[in-house]
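Assemble chain C onto chain D, guided by the hints.
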Amino acid sequence: GQSLEQPSEVTAVEGAIVQINCTYQTSGFYGLSWYQQHDGGAPTFLSYNALDGLEETGRFSSFLSRSDSYGYLLLQELQMKDSASYFCALRGAAAGNKLTFGGGTRVLVKP
Amino acid sequence: NAGVTQTPKFQVLKTGQSMTLQCAQDMNHEYMSWYRQDPGMGLRLIHYSVGAGITDQGEVPNGYNVSRSTTEDFPLRLLSAAPSQTSVYFCASSPDRNIQYFGAGTRLSVL
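Chains D and C, in that order, give the protein sequences. The numbering of the first sequence is the numbering used here, which starts it at 1 and goes up by one. The numbering of the second sequence is the numbering used here, which starts it at 1 and goes up by one.
With the rest of the complex left out, here is chain D:
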């Protein structure tokens, strides 16, 4: 099977930079993706890494290192609206290519 671990909560102030780490165990996978979920809302797609390295999308960047079984989501210039839960997810290479989610990291942005 697959498993992903993330910190449960991170607190930062407006304008700061936050890095959310995701470590995983898998026998093979296609890529690592990240989703944002506000309280009471649905998850929305943020970023996807198929290859090692950094992917940048505006204030958000995501990184993957297959050799270290590790990835992270970087949130820059934090805004109050970034207060949400962030999930990493792995698309497995085994039959069905199922998507497995981490437990989520709750980010609290303070003024």
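Be a bit skeptical, because a hint or two may be false.
[Said to hold, decoys possible] Away from chain D, derived, C-beta distances all over 10 Å, residues of chain C: (1) Leu13; (2) Gln17; (3) Asn28; (4) His29; (5) Thr71; (6) Arg77; (7) Leu108.
[Claimed, not checked] Facing chain D, a subset of chain C residues (Cβ under 10 Å, in silico): (8) Gln6; (9) Pro8; (10) Val12; (11) Tyr35; (12) Gln37; (13) Tyr48; (14) Glu59; (15) Arg97.
[To be verified] Just the calculated beta-carbon pair ranges, DEER-fashion: (16) C:Ser67 / D:Gly58: 27 to 35 Å; (17) C:Ala52 / D:Tyr30: 22 to 30 Å; (18) C:Ala82 / D:Ser27: 48 to 56 Å; (19) C:Asn65 / D:Glu56: 20 to 28 Å; (20) C:Ala52 / D:Ser65: 37 to 45 Å; (21) D:Ile17 / C:Asp56: 35 to 43 Å; (22) D:Gly1 / C:Thr70: 17 to 25 Å; (23) C:Ser67 / D:Asn21: 36 to 44 Å; (24) D:Gly96 / C:Ser80: 23 to 31 Å; (25) D:Gly15 / C:Leu79: 47 to 55 Å; (26) C:Asn62 / D:Asn97: 33 to 41 Å; (27) D:Gly28 / C:Gly16: 24 to 32 Å.
It is worth saying that the hints were derived from the structure and are not from the lab. The beta-carbon is built from N, C-alpha and C at its ideal position, and this holds for glycine as well.
Using the frame of chain D, we list chain C on its own:
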């Protein structure tokens, strides 16, 4: 463009009752899936489909049935509701399994 539409938004059932959660997408995606999310946790895959007529089990399939007669629709059936099935249910569709588009969710309580 409606995206992924889930009905109902809220539902209360008594133990032993059955019901169907509806999910429809208008993006012509082949891949659709159902997840449940318990408070403070990540999403767990219940069932998924890679196209009309093809379904398979996810991580937590017990107590649920699915069918996929058309590309657009992917209903989830609770056979005999139990309190352990109290959760928020999300349907998702994907063009390539890398990016999932989620519906707004169905909040289910089983008494």
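Verification of the supplied hints:
Distance check on leucine 13 of chain C: its Cβ is at least 21 Å (rounded) from any Cβ of chain D, clearing the 10 Å threshold; non-interface status holds. Even its closest Cβ contact with chain D, about 25 Å, leaves glutamine 17 of chain C beyond 10 Å, as expected for a residue assigned away from the interface. Every CB of chain D lies more than 10 Å from the CB of asparagine 28 of chain C, the least distance being 18 Å, so the non-interface label holds. Every Cβ of chain D is farther than 10 Å from the Cβ of histidine 29 of chain C; the closest lies at roughly 13 Å, confirming the non-interface assignment.
Interface exclusion of threonine 71 of chain C from chain D stands, the closest Cβ pair being 18 Å apart, more than 10 Å. No beta-carbon of chain D is positioned within 10 Å of the beta-carbon of arginine 77 of chain C; the least distance is around 20 Å. Remark: the non-interface label on leucine 108 of chain C is consistent with the geometry, its nearest Cβ contact in chain D lying 15 Å away (cut-off 10 Å). Because the smallest distance between the Cβ of glutamine 6 of chain C and any Cβ of chain D comes to about 9 Å, under 10 Å, the interface hint for this residue holds.
With a cut of 10 Å, the hint placing proline 8 of chain C at the interface with chain D is violated, because the nearest CB-to-CB distance is about 15 Å. The closest approach between the C-beta of valine 12 of chain C and any C-beta of chain D is roughly 18 Å, which is over the 10 Å cut-off, so the hint fails. A distance limit of 10 Å between C-beta atoms decides the matter here; for tyrosine 35 of chain C the minimum to chain D is near 8 Å, and the interface restraint holds. Below 10 Å, beta-carbon pairs count as interface contacts, and glutamine 37 of chain C has one with chain D at about 9 Å; its hint therefore holds.
Hint status for tyrosine 48 of chain C relative to chain D: holds, with the closest Cβ pair at about 7 Å, below 10 Å. Here the hint on glutamate 59 of chain C is kept, as its CB sits about 8 Å from the closest CB of chain D, short of 10 Å. Because the smallest distance between the Cβ of arginine 97 of chain C and any Cβ of chain D comes to about 5 Å, under 10 Å, the interface hint for this residue holds. At about 40 Å, the CB distance of serine 67 of chain C to glycine 58 of chain D disagrees with the hint of 27 to 35 Å.
Distance hint check: the CB atoms of alanine 52 of chain C and tyrosine 30 of chain D are about 23 Å apart, consistent with the given range 22 to 30 Å. At about 33 Å, the beta-carbon gap between alanine 82 of chain C and serine 27 of chain D misses the expected band of 48 to 56 Å. Distance hint check for asparagine 65 of chain C and glutamate 56 of chain D: the Cβ-Cβ separation is about 42 Å, which falls outside the suggested range of 20 to 28 Å. The given range of 37 to 45 Å is respected by alanine 52 of chain C and serine 65 of chain D, whose C-beta atoms sit roughly 38 Å from each other.
The given range of 35 to 43 Å is respected by isoleucine 17 of chain D and aspartate 56 of chain C, whose C-beta atoms sit roughly 40 Å from each other. Checked against the hint of 17 to 25 Å, the pair glycine 1 of chain D and threonine 70 of chain C fails, with Cβ atoms roughly 31 Å apart. Remark: the range hint 36 to 44 Å for serine 67 of chain C to asparagine 21 of chain D is upheld by a beta-carbon distance near 39 Å. For the hinted restraint 23 to 31 Å between glycine 96 of chain D and serine 80 of chain C, the CB-CB distance of approximately 26 Å keeps it satisfied.
In this structure, glycine 15 of chain D and leucine 79 of chain C meet the distance hint of 47 to 55 Å, their C-beta atoms being roughly 51 Å apart. Our hint of 33 to 41 Å for asparagine 62 of chain C and asparagine 97 of chain D is violated, since their Cβ atoms are close to 22 Å apart. Between glycine 28 of chain D and glycine 16 of chain C the beta carbon distance is about 41 Å. The supplied range of 24 to 32 Å is therefore violated.
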